[in-house]
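*Asks:* Sequence:
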Amino acid sequence: MWDEQTDEAAEQTDEAAEPTAEDTSAAAPIDPVDQQGADASGAVAAEAAPEDYAELLADGGIKVQERAPMTPVVKLVFGAQYDKTRLTEFAAALSWAKREGVPAGTLAERIEAHRGGLKAIVAAERAARRPAAPPDRWDEIRARLHAARPLARIDLEVAGDAEFVLLVARRDGDGLVVVAPVTDAKTVEQAIRKSVGDSY
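In the numbering used here, the protein residues as written are -16 to 183.
For the record, the hints were derived by calculation from the structure and aren't laboratory data.
A portion of the hints provided could be inaccurate.
[Claimed, not checked] As a list, the in silico EDC-like pairs of lysine to aspartate or glutamate whose alpha-carbon atoms are at most 16 Å apart:
hint : residue 1 : residue 2
1    : Lys58     : Asp42
2    : Lys46     : Glu34
3    : Lys177    : Asp119
Please model the complete structure; the sequences and the hints are all you need to start from.
*Replies:* Next comes the structure, spelled out in structure tokens:
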């Protein structure tokens, strides 16, 4: 009798020690690339059901920022306390996927196939967001200066071969006396741009 009770207790102990499927799932590490697929699906779902999405954000205490619309989706998947750098990268990847029209459920494959992987995608998205530099109007300014009516002509040797020069003059009676040239190229360009109203 004692042996049967002992064997039964041992079996119960072994069963308690054996990990369940739920325990194994909880202990498994998150694969960020695979999780990106879940993020992409979540982003699509958020657009399809905005009220449910807003409720999830409210329950999680997550705020929406216009400049980073995908960050809340990532926080819902990984948690708001996840590494901020990674959250930012994953959010940029989702924005890239939306801009590129990547179908839901295929983002992980696109990341793995993309040259440079996630880092390259993040860089591409940041470059796309960066505002374009204003066009340089220097050629237009040059044309305007060439067409302008000369105010005076003077014989003066100035060092260098720059097309335009800047001279410092002082008033002397009814005229001007040139006292020195400005040799700093950046200062000359700024003065020329200002002379034609260009907000460089």
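*Asks:* Check the hint pairing Lys177 with Asp119 against an upper bound of 16 Å on the C-alpha distance.
*Replies:* holds (14 Å)
*Asks:* Between Lys46 and Glu34, does the CA-CA distance stay at or below 16 Å?
*Replies:* holds (14 Å)
*Asks:* Need the status of pair Lys58, Asp42: alpha-carbon distance at most 16 Å?
*Replies:* It holds: about 12 Å lies between the C-alpha atoms, which stays within 16 Å.
Hint check: no violations occur; every hint is consistent with the structure.
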